[in-house]
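Protein chains: 2
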Amino acid sequence: MLVVKKFGGTSVADKERIMNVAARCIKDYREGNDVVVVLSAMGKQTDVLIDMAKDINPMPSKRELDMLLTTGEQISVALMAMAMGGMGVPAISLNAFQVAMHTTSSYGNARLKRIDIDRIRHELDQRKIVIITGFQGINKYTDYTTLGRGGSDTTAVALAAALHADSCEIYTDVDGVYTADPRIVKKARKLKEITYEEMLDLATLGAGVLHNRSVELAKKYGVRLIVRSSLTEAEGTIVKEDTKVERMIVSGVAADKNVTRISLIGLKNVPGIAFKVFDVLAKANINVDMILQSIGRHDTKDITFTIPEDSRDEALSVLEAKKEQLGYEDISENSDVAKVSIVGAGMMSNPGVAAKMFEALYNCDININMISTSEIRVTVLIDEKEVDKAMNAIHDMFGLED
Amino acid sequence: MLVVKKFGGTSVADKERIMNVAARCIKDYREGNDVVVVLSAMGKQTDVLIDMAKDINPMPSKRELDMLLTTGEQISVALMAMAMGGMGVPAISLNAFQVAMHTTSSYGNARLKRIDIDRIRHELDQRKIVIITGFQGINKYTDYTTLGRGGSDTTAVALAAALHADSCEIYTDVDGVYTADPRIVKKARKLKEITYEEMLDLATLGAGVLHNRSVELAKKYGVRLIVRSSLTEAEGTIVKEDTKVERMIVSGVAADKNVTRISLIGLKNVPGIAFKVFDVLAKANINVDMILQSIGRHDTKDITFTIPEDSRDEALSVLEAKKEQLGYEDISENSDVAKVSIVGAGMMSNPGVAAKMFEALYNCDININMISTSEIRVTVLIDEKEVDKAMNAIHDMFGLED
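These protein sequence lines map, in sequence, to chains A and B. Using the working numbering, you'd call the opening residue of the first sequence number 5 and step up by one each time. Using the working numbering, you'd call the opening residue of the second sequence number 5 and step up by one each time.
Careful, some of the hints might be misleading.
If several chains are the same, the list does not tell them apart, and a pair holds so long as it fits within one copy or across any two.
Straight line, CA to CA, 25 Å or less: simulated DSS-like cross-link-like pairs of lysine-lysine [to be verified]:
id: 1; residue 1: K66; residue 2: K326
id: 2; residue 1: K132; residue 2: K66
id: 3; residue 1: K48; residue 2: K19
id: 4; residue 1: K58; residue 2: K132
id: 5; residue 1: K48; residue 2: K58
id: 6; residue 1: K272; residue 2: K287
id: 7; residue 1: K261; residue 2: K48
id: 8; residue 1: K66; residue 2: K19
id: 9; residue 1: K58; residue 2: K19
Read the hints as simulated data drawn from the structure, not as lab findings.
Please work from the sequences and hints to get the whole structure.
The structure is reproduced here in structure tokens:
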């Protein structure tokens with residue numbers, strides 16, 4: 005068996021945890037498996053580095069920021085190899101250059117294009133545990149890039165796909181995927197299995213367990229994903245093909261507070277104006293999520309949309325810079341909003357699910373700002389302070405604790 | 005003018021100093037020069053990383069240790085590029101992979117073999133300041149290596165040679181090369197110029213300003229070296245060809261406390277025994293300096309030699325492992341010894357210099373353990389606690405304060 009195991013920053017935050025992870029990987033290795041380990045930077049190291057950078061230059065070049073941040077994972081993997089070496093197991097660390105892990109050019113938010121597996125295979129063939137830096141890649145200029153939020157998950161899944169691994173285990177500080185965040189919804193229940201599609205929607209919607217890109221990749225290449233706890237031996241949740249999972253109407257409730265709503269008011273009512281707005285945002289690499297277009301006064305249009313709160317400043321700055329070209333009258337924004345979503349593969353064959361969700365919100369007097377739906381998901385935008393109440397109400401309404 | 009400027013860890017230890025170095029480099033850049041900057045890791049970062057490693061594994065693999073340590077310079081160069089960017093000057097950081105900086109395979113103590121200059125030239129042609137990680141390289145396995153003590157000086161000189169730079173400025177916390185360590189010898193005087201050979205002997209003997217490998221390289225490729233202070237605008241010391249420097253009989257006194265003396269007692273008096281001893285040490289990458297061979301009792305030989313104190317444990321361990329093969333009776337060692345040397349290009353044409361040095365030591369009752377000489381150098385091994393007294397006495401004897 006070839007298994008890829010990914011551990012996040014919390015799991016390698018100090019010596020003791022590094023030793024734990026090493027021991028855990030060695031157990032698999034000693035059972036005769038080929039083990040590839042993907043690590044994030046230790047604890048809050050990435051934040052520490054970002055703070056150092058911003059102290060020196062509040063708007064550092066993205067290229068140099070990636071050059072700085074990639075040291076974080078390199079430290080983790082080198083220390084992990086030393087820990088395993090100390091336990092008598094041959095281990096070798098590799099960074100994005102050494103693998104090599106090719107990405108698109110864009111710094112801070114690159115996408116994996118291709119992974120060379122020769123070096124990894126070579127080291128595995130010598131019965132070494134191979135420890136690889138997550139989150140990072142190199143672009144065509146042989147510069148470092150980083151993969152953005154949740155990048156280490158993506159690295160792990162991409163490696164599992166490239167190496168045709170038997171499974172890809174994502175270790176987190178929770179022991180699986182729940183019907184809702186257990187810190188908010190006390191009755192939340194752990195799922196044994198979930199489909200890629202459901203997981204994808206949960207990930208996109210801020211369940212926080214797995215990043216959506218990694219789930220997309222897993223789905224595309226049929227990688228068997230397992231979400232497990234790095235602290236306990238609990239079984240975790242298996243993410244796999246639709247057909248193999250019993251369909252629940254609603255399998256989970258997720259919330260995402262990292263949201264800003266922006267409205268452009270008084271746009272000219274001419275064709276192509278929406279394209280122009282979203283093109284400006286796309287070129288600045290800003291992900292737009294929910295979109296609402298409405299007719300304003302005097303035959304004008306209003307366009308309202310949500311973006312990650314992280315991108316708020318940049319979005320406002322690029323939109324204001326293009327004010328004349330886009331021709332809007334006013335701009336407004338609100339960051340005290342959050343998305344709450346229900347996800348379920350069985351939703352498509354069960355009408356009335358959305359109505360039931362709205363009813364739950366109505367029952368506890370929560371106002372809905374925007375609505376967006378897909379085949380297996382319903383998302384509403386509400387006031388941020390109402391999130392906990394909304395999640396509990398919805399969880400109860402669908403009886404997810406059973 | 006193309007100038008390579010090297011700054012050590014102290015010069016980039018915090019934000020303020022990074023800003024100072026950035027401003028200093030930008031001054032040269034704005035005068036129209038092409039500027040290449042070589043940096044060490046910030047402050048005590050390398051030691052911090054080594055401590056982290058040893059905490060996890062007291063005997064970490066050298067390969068993984070280099071993987072860990074190379075993050076130190078990468079952080080420095082990225083932050084420096086950001087600092088310069090913030091000052092409105094285009095700057096780019098490059099690590100050993102990106103340059104690429106090819107070395108021999110041996111981890112922890114590699115030697116530079118070849119530097120690709122295409123990327124650097126390309127960035128300079130776009131009028132960028134190019135900031136390069138010192139101390140590190142890559143070997144034929146595309147693994148990181150480090151160059152050992154003083155490695156960043158070597159990187160700077162090698163880059164200056166490869167790029168045919170007009171000069172290579174080494175910035176330190178002293179403002180030049182002195183006739184002796186000014187902390188020990190109050191009357192020490194700064195030299196305006198010094199030959200490569202003198203500098204080489206001073207470096208080898210622990211003057212601590214420049215590493216000997218960097219001086220060797222500078223001599224080999226005729227790189228014009230300037231030792232300057234990173235704190236003041238003082239002129240510094242120029243290191244250059246013999247012919248252009250006024251020859252002083254003795255140009256400096258240096259001391260090195262990083263010394264252990266080892267004696268192998270009762271070796272068989274047969275040919276090849278010295279070779280066997282030093283071959284064992286060479287294979288363990290241990291530099292042997294002074295050597296004394298004497299006839300022992302019962303037609304046996306004793307061999308006494310000095311090594312860097314850092315290598316003491318390893319030397320004792322390899323020698324003890326080969327005890328039977330080497331056939332010695334006993335081994336003894338002393339680390340409370342130090343080397344004191346005088347250096348001067350004019351020495352070869354002035355007999356009696358060594359005698360004058362011994363006289364100075366005799367006058368203040370210092371016992372000499374071992375003596376070694378070259379054309380332009382005399383070195384004695386004495387008790388470590390006598391070093392300050394010895395240096396002052398010698399400095400006075402040769403009238404170096406004038």
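Each hint tested on the structure:
With identical chains, the CA atoms of K66 and K326 are at most 25 Å apart within one copy only, with a shortest distance of 22 Å there and 54 Å across copies. Taking the shortest alpha-carbon separations for K132 and K66, only the inter-copy value of 16 Å comes in at or below 25 Å, while the best intra-copy value is 35 Å. Taking identical chains as interchangeable, the C-alpha atoms of K48 and K19 lie at most 25 Å apart whether they share a chain (14 Å) or sit on different chains (20 Å). Proximity of K58 and K132 under a CA criterion of 25 Å is satisfied inter-copy only: 21 Å between copies versus 39 Å inside one chain copy.
For a Cα distance limit of 25 Å, the shortest separation of K48 from K58 qualifies both inside one copy, at 16 Å, and across copies, at 21 Å. Taking the shortest Cα distances, K272 and K287 sit within 25 Å of each other inside one copy (22 Å), while across copies they are farther apart (79 Å). Proximity of K261 to K48 under the C-alpha cut-off of 25 Å is restricted to the intra-copy arrangement: shortest distance 21 Å within a copy versus 40 Å between copies. Taking the shortest Cα distances, K66 and K19 sit within 25 Å of each other only across copies (19 Å), while inside one copy they are farther apart (31 Å).
In this homomeric assembly, K58 and K19 come within 25 Å of each other (Cα to Cα) only across copies, at 11 Å, whereas the closest approach inside a single copy is 28 Å.
When the structure is compared with the earlier hints, no violation turns up for any of them.
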